[in-house]
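Chemist: Could you put the whole structure together from the sequences, leaning on the hints where they help?
In the order they appear, the protein sequences are chains A and B. Reading the first sequence from the start, the letters are residues 1 to 275 in my numbering. Reading the second sequence from the start, the letters are residues 1 to 81 in my numbering.
Keep in mind the hints are simulated off the structure, nothing from the lab. Idealized CB from N, CA, C, for every residue including glycine. Worth double-checking, as some hints may not be accurate.
Said to hold, decoys possible - If we take Cβ atoms under 10 Å as the criterion, some of the chain A residues that face chain B in the derived model are:
{"no.": "1", "residue": "VAL36"}
{"no.": "2", "residue": "THR38"}
{"no.": "3", "residue": "GLY39"}
{"no.": "4", "residue": "ARG64"}
{"no.": "5", "residue": "GLU74"}
{"no.": "6", "residue": "LEU87"}
{"no.": "7", "residue": "TYR103"}
{"no.": "8", "residue": "ARG108"}
{"no.": "9", "residue": "LEU112"}
Said to hold, decoys possible - Pulled a few chain B residues facing chain A out of the computed Cβ check, cut under 8 Å:
{"no.": "10", "residue": "LEU18"}
{"no.": "11", "residue": "SER39"}
{"no.": "12", "residue": "GLU50"}
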Amino acid sequence: MDRLKMRERQADSSAESSRDGPLVIGDRRFTSRLIVGTGKYRDNESMVQAIRASGAEMVTVAVRRVDLDQSNEESILHHLDPGEFFLLPNTAGCYSAQDAIRYARLGRAAGLNEWVKLEVIGDEKTLLPDVQGTLEAARILVGEGFKVMAYTNDDLITALRLEDVGCVSIMPLASPIGSGLGLINPYYIREIKSRLSTPVIVDAGVGTASDACVTMEQGVDGVLMNTAIAAAEDPVAMATAMKLAVRAGRLAYLSGRMPSKEVAVPSSPRHGMLD
Amino acid sequence: MIPTPRSEATDADGTIRLMVNGQPRTVTTGLTVTGLIESLDLTPALIVVEKNLEILNREKYDTTVLTEGDRLELVHFVGGG
Numbered sequence: 001m002d003r004l005k006m007r008e009r010q011a012d013s014s015a016e017s018s019r020d021g022p023l024v025i026g027d028r029r030f031t032s033r034l035i036v037g038t039g040k041y042r043d044n045e046s047m048v049q050a051i052r053a054s055g056a057e058m059v060t061v062a063v064r065r066v067d068l069d070q071s072n073e074e075s076i077l078h079h080l081d082p083g084e085f086f087l088l089p090n091t092a093g094c095y096s097a098q099d100a101i102r103y104a105r106l107g108r109a110a111g112l113n114e115w116v117k118l119e120v121i122g123d124e125k126t127l128l129p130d131v132q133g134t135l136e137a138a139r140i141l142v143g144e145g146f147k148v149m150a151y152t153n154d155d156l157i158t159a160l161r162l163e164d165v166g167c168v169s170i171m172p173l174a175s176p177i178g179s180g181l182g183l184i185n186p187y188y189i190r191e192i193k194s195r196l197s198t199p200v201i202v203d204a205g206v207g208t209a210s211d212a213c214v215t216m217e218q219g220v221d222g223v224l225m226n227t228a229i230a231a232a233e234d235p236v237a238m239a240t241a242m243k244l245a246v247r248a249g250r251l252a253y254l255s256g257r258m259p260s261k262e263v264a265v266p267s268s269p270r271h272g273m274l275d
Numbered sequence: 001m002i003p004t005p006r007s008e009a010t011d012a013d014g015t016i017r018l019m020v021n022g023q024p025r026t027v028t029t030g031l032t033v034t035g036l037i038e039s040l041d042l043t044p045a046l047i048v049v050e051k052n053l054e055i056l057n058r059e060k061y062d063t064t065v066l067t068e069g070d071r072l073e074l075v076h077f078v079g080g081g
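Modeler: In structure tokens:
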């Protein structure tokens with residue numbers, strides 16, 4: 001039994017390592033293709049446990065005012081060691097290029113790195129990105145030496161322009177932030193992936209493991225999620241499911257799936273049947 | 001540090017008024033940014049200070065004396081996606 005398990009495990013990892021390389025974004029290499037957020041967890045302990053279980057190396061954080069009325073409010077750096085995780089400051093909640101630039105600069109001033117997950121939101125109800133504001137902010141931040149990972153629509157033209165501006169990763173949404181609706185437009189995502197040379201990370205909208213898997217099967221370079229793990233009843237178990245789903249989807253993509261057809265084809269020989 | 005000119009009115013009782021994270025706050029004249037951070041029980045290494053819309057270099061916390069009407073934002077990293 002143990003020997004069988006060991007053989008399975010070896011087969012798993014060798015199939016993955018022979019087919020896949022690291023995820024390279026800018027000048028950094030990552031083994032995991034899953035990037036996770038740190039928001040909405042019940043408590044810091046389950047957040048850290050879930051992030052470890054997800055296997056993610058890159059982890060997003062937000063920049064906010066210190067709450068001066070709450071004397072015991074802690075920075076997330078009390079719980080996440082920047083030596084263990086690559087922390088990616090975001091500009092979540094910003095509704096203009098100007099605000100996003102301000103938040104990005106504050107994030108960089110914290111002294112961890114010069115990376116930013118750029119979000120410029122255009123609408124409160126859907127949290128869909130303001131692509132014009134995103135492009136404007138991306139251009140300025142790239143000029144200031146930021147490594148910009150840009151959250152955007154599943155729109156090819158914007159993705160191409162963000163690439164032209166010099167973003168290190170383009171991050172189209174699967175569906176609206178926090179919606180859990182899954183991958184709404186696989187065709188657009190495939191089109192973006194096929195036309196860009198910059199890594200494409202699908203950001204936002206994943207609800208459960210199958211969503212993550214289907215997204216990775218489109219051939220994208222990675223997936224970023226937060227709520228799907230944080231809002232699960234058991235975030236640690238869901239984080240494990242997401243880790244496996246991202247790996248499964250990636251490996252399925254690299255394996256070259258069979259063509260789908262609308263007719264049945266038997267798997268067992270037709271000949272040799274008894275009279 | 002170059003001494004900052006202050007008006008008689010604000011200096012009379014030895015205090016100045018600031019806006020810190022959107023809230024008015026009265027502090028002792030001559031207080032530095034480090035002094036403010038310590039009085040709020042915060043760890044300087046974990047926060048970023050923006051003073052009048054400009055990010056303040058950490059090395060300047062000790063030598064930057066706050067002046068009447070300064071608008072400060074003290075920010076840090078929190079959970080987010």
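Chemist: All hints are to be evaluated individually against the structure, with a verdict given for each.
Modeler: Hints and how they fare:
1. VAL36: This hint holds: VAL36(A) lies near chain B, its Cβ roughly 8 Å from the closest one there, short of 10 Å.
2. THR38: holds, 4 Å
3. GLY39: holds, 4 Å
4. ARG64: With Cβ-Cβ at 5 Å, under 10 Å, it holds.
5. GLU74: With a closest approach of 9 Å, the GLU74(A) hint holds.
6. LEU87: holds, 7 Å
7. TYR103: holds, 9 Å
8. ARG108: holds, 9 Å
9. LEU112: holds, 8 Å
10. LEU18: violated, 12 Å
11. SER39: violated, 11 Å
12. GLU50: This interface hint holds because 6 Å falls under the 8 Å limit.
When the structure is compared with the earlier hints, violations turn up for hints 10, 11 and for no others.
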